[in-house]
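Colleague: Protein chains in written order, with our numbering: chain A, 6 to 187; chain B, 6 to 187.
Treat each hint with caution, since some may be false.
As the list claims (entries may be wrong) - Each pair of labels, with its calculated beta carbon distance range:
no.	chain 1	residue 1	chain 2	residue 2	range
1	B	THR141	A	GLU107	45 to 55 Å
2	B	ALA185	A	ALA29	31 to 41 Å
3	B	ASP154	A	ASN37	49 to 59 Å
4	B	HIS17	A	ALA29	24 to 34 Å
5	A	THR167	B	ASN37	44 to 54 Å
It should be emphasised that the hints constitute simulated quantities derived from the structure, not laboratory data. C-beta: ideal position from N, C-alpha, C; glycine also.
2 protein chains.
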Amino acid sequence: MLTRKQVADTRHRAARMLENVGIALTPNERENIEIADFGLDDVERTGLELVVYENNDRYCAKELVLFPRQTCPEHRHPPVGTDLGKQETFRCRWGKVWLYVEGEPTANIKAVIPRGDEARYTVFNEIELNPGEQYTIPPNTLHWFQAGDEGAVVSEFSSTSTDEHDIFSDPRIRRIPEIADE
Amino acid sequence: MLTRKQVADTRHRAARMLENVGIALTPNERENIEIADFGLDDVERTGLELVVYENNDRYCAKELVLFPRQTCPEHRHPPVGTDLGKQETFRCRWGKVWLYVEGEPTANIKAVIPRGDEARYTVFNEIELNPGEQYTIPPNTLHWFQAGDEGAVVSEFSSTSTDEHDIFSDPRIRRIPEIADE
């Protein structure tokens, strides 16, 4: 569980990265950056910082911030009701990100799986994204990603986002962040 | 109709603006920036430069470049088949843009309607967008927009884009650009 201080510090760090990259936020957006620690209590290693610009019943757009070597753990977006499952396009805006999806495993992947969690990562088809490069992940496809040594800023364009339905390969994971009262 | 030289020069100018703002494009994207002159043959006054990052059957994302005081003329996105019509979110990344939609007309609007075309502009509810600010336009709603004195870069997040169905208030307009052979 994240403490309020951890949330504030992590938000501040993410806001500074976005500012350095020239991505403007409103004060309200800056104060509400979402900190996802996936319930693993080690947010700098396994975590993600998000600004949700828009999420309606037709499309969604977010800015994702990854600290150096920070990993968003393996998951998929399953069908929900009449929805096929979220389809998403990742566009690298700054830094470097390695994305892993289902398919032929890449030999000697560049990401380093968080130590101790090796069993929770099962897809290794590597796509490297540098600034200006993008990749579209089909619905219901396992994927995970990790930033390079300087971190990354990634724009996500997608169909409607329903994070609460995401299915993670690690059964310990809770997608909706919990924040301690004190 | 645009000449090939006009297209090349306008692309170059738009690419330079994006580069100055820190928005990375691939070489292929840079060479294929869409120049929309709307068939009015005065692209610096009435026109728009676009990079389409993704347009699939669920969502669309584009970067829009507007030169100083350049105007995207009034239009709406009608229903097409089972689609309600394109819904779009404009997020200002750099510069300033004034957006006009249906509703209570704003007194003393800040944009200057292209001289001679006053009759082609009918909605005047003004929304000013500065960097980090955004606005979502419902489907089938008349709108037009103009950049401030330094121009603007605007991210557009939307449902699927079908430009060929757009309905413009100016019957002279052709949305799909025509480029001279010579």
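Colleague: Hint by hint, which ones does this structure get wrong, listed from lowest number up?
Modeller: Of the numbered hints, 1, 3, 5 do not hold.
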